[in-house]
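Trainee: Residues per chain, in single letters:
Number of protein chains: 2
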Amino acid sequence: MLSVAASRLGYKTHIYEPGANPPAADVAHACTQASYDDQAALQAFAASVDVITYEFENVPAAALDLLEAARPIRPNRRALAVSQDRILEKDFISGLGLAVAPYAAVNSLAELEAALARIGTPAILKTTRLGYDGKGQARITTPADAPAAFAAMNGAPAVLEGFITFSHEVSVIAARGLDGSVAAYDPGENVHKDGILSTTTIPARLSPGLRSDAVLLAARLLNALDYVGVMGVELFVTAQGLIVNEIAPRVHNSGHWTQNGCAVDQFEQHIRAVAGLPLGDGTRHSDVVMENLIGDDIEKVPAILKERHAALHLYGKAEARPGRKMGHVNRVVAKS
Amino acid sequence: MLSVAASRLGYKTHIYEPGANPPAADVAHACTQASYDDQAALQAFAASVDVITYEFENVPAAALDLLEAARPIRPNRRALAVSQDRILEKDFISGLGLAVAPYAAVNSLAELEAALARIGTPAILKTTRLGYDGKGQARITTPADAPAAFAAMNGAPAVLEGFITFSHEVSVIAARGLDGSVAAYDPGENVHKDGILSTTTIPARLSPGLRSDAVLLAARLLNALDYVGVMGVELFVTAQGLIVNEIAPRVHNSGHWTQNGCAVDQFEQHIRAVAGLPLGDGTRHSDVVMENLIGDDIEKVPAILKERHAALHLYGKAEARPGRKMGHVNRVVAKS
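Residue numbers (the numbering used here), protein chains in the order written: chain A, 1 to 336; chain B, 1 to 336.
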């Protein structure tokens, strides 16, 4: 979707991907299939492009070092480092005076027990480096769960996070240009199923004050990181205001609605930012409900094709597996 | 844009193009660069795909014969033949009882003089096979212009067309599916400059009765041709009703607005039709003004990038030349 947006602006894209047959190769000028430790391939790739961006946070640091020596990487390495490590991320966010859930670094059972005494239960223990879809996580309901939870980390550095009471989750998709300008889309309201985003509804249920808070908060994060590109910021809505859940240094699933709700979608916004073009404004022309098509949901496609006002986006993945995102549908309705 | 729409539905595309470096190759799974008389390349191309479509009417018949022996070509050959020949086109349209400008086949100066006596001046003499952008055309202001106009045809079969008085031009972008269902977008109002489409404004100025006539008329044309795919139908609005100017058996420049005005745009609609999927409905969610960027208009891009509500679509063409379509911009406004 980034590649398609780039083509719409007259740019050619070159995809670097270790896996076989990436769908992006079917809408790109060139594709290099090589591992992240193939230095010759990385160098040839960097030499062929003007600017490098990514939609996957876990590119190894050594590969990024090599690429960055040749071409700018946007968003920058600091944004990537912060988002790859849950402790760095929470330290960074709370260091800006923004609210996060209570947390503590955990490198031993003793540290875990001390953290539990402070934060309380229920809580969740997570490896600090990114797992996803619930991997590398252990829920702690009573202090007696601590030894098993610590064992589940397999010795990896971990972070204990306290539970917070929230009414719903929203996200802000915001962008910062090379010139420092910031533009944000209207916040969307997210519903997860089995730990995976299921739907995003625009507009989110938010008071005007919280809506404004959400956008200002995203702008602070972007500015503090000297960020260039699109960022997804997940927020919990609580009685005490907004709490930052996590940030993603890339286009975000909860921003897919912009494809059918805005003149400039999040993919084009990201390309504009990393290419040094002016940002588009984030005003929506329509309300949208985005629904992910996960695993067997692909069987809904024939019915979706017959729906009025439904814009279908399939990813060209060869095989449907449980939990695998196969596509999404944006249902467009008149602006409220 | 067809290739991008196909990718959104999970399809891979293979482009066949005689020219070097076609922009479509940058958003396609594969590209064959070969001439239309390279039989081996045509055969290999046909063998690699499930269905063949086109966005250029002047593919030689011999190439189409070869391709059609291997795979279905949609829209069908009859639609292509009719649109390639102005006499066949006008005979076909008027044969359905639809209004066209007065016309007569001209193969000699005597026939031209007889036709002028019947149709009157001013009139325009055109080669029957497609020229474009005013090529192969001679305007006749008085009967004395006849010899020069006839000589300008260089012996090619020609058609004399009478001028008609019209208030404005509109077009209907309509589609017919493999199952015979028909869907039409809201008619757009076209303004040309120097014989090239400049803007399309949605909605067009049309009474409800003429709006309905326009859509029904497009459906009759599609059904009569057993057409599969998107067709553009250009219409003159006159005091006596709608007069058909011409039909184009493909996605049409005056339908580019659908990219930012509808859940399913004309490109996806065409892919849906030729792939045998259900058609999307043509309801617009927003009003749009489409402006072509022609030649030097490409210099407007920096300003357009800063405009609110402007969706930019560039074609990735290497060089701007006078009269060359470099891209377009859709300006999205709330639905009226």
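A hint or two may mislead.
Pairs count within a copy or across copies, as identical chains cannot be separated in the list.
[As the list claims (entries may be wrong)] Within a straight-line C-alpha distance of at most 25 Å, the following computed DSS-like cross-link-like pairs (lysine-lysine) qualify:
1. Lys-12 to Lys-300
2. Lys-335 to Lys-12
3. Lys-12 to Lys-306
4. Lys-335 to Lys-317
5. Lys-12 to Lys-317
6. Lys-306 to Lys-335
7. Lys-300 to Lys-325
8. Lys-193 to Lys-12
9. Lys-335 to Lys-325
FYI, nobody ran anything at the bench for these hints, they're computed from the structure.
Trainee: Have a look at Lys-193 and Lys-12 and pick one of within, between, both or neither, based on CA distance no larger than 25 Å.
Mentor: neither (36 Å within a copy, 31 Å between copies)
Trainee: Between copies, within a copy, both or neither: which fits Lys-335 and Lys-325 at Cα up to 25 Å?
Mentor: neither (27 Å within a copy, 33 Å between copies)
Trainee: Using 25 Å as the alpha-carbon threshold, which applies to Lys-335 and Lys-317: within, between, both, or neither?
Mentor: Close neither inside one copy (32 Å) nor across copies (36 Å); limit 25 Å.
Trainee: Pop the pair Lys-12 and Lys-300 into one bin, within, between, both or neither, using alpha-carbon distances up to 25 Å.
Mentor: between (33 Å within a copy, 21 Å between copies)
Trainee: Is it within, between, both, or neither for Lys-300 and Lys-325, if the alpha carbons may be no more than 25 Å apart?
Mentor: within (13 Å within a copy, 39 Å between copies)
Trainee: Go through the copies and call it for Lys-335 and Lys-12: within, between, both or neither, with a Cα cutoff of 25 Å.
Mentor: neither (34 Å within a copy, 34 Å between copies)
Trainee: How would you label the pair Lys-12, Lys-306 (within, between, both, or neither) given a Cα cut-off of 25 Å?
Mentor: between (34 Å within a copy, 22 Å between copies)
Trainee: Go through the copies and call it for Lys-12 and Lys-317: within, between, both or neither, with a Cα cutoff of 25 Å.
Mentor: Both, since 22 Å and 11 Å are each at most 25 Å.
Trainee: Checking Lys-306 and Lys-335: alpha-carbon separation at most 25 Å within a copy, between copies, both or neither?
Mentor: Both, since 22 Å and 23 Å are each at most 25 Å.
Violated hints, in rising order: 2, 4, 8 and 9; the structure is consistent with all others.
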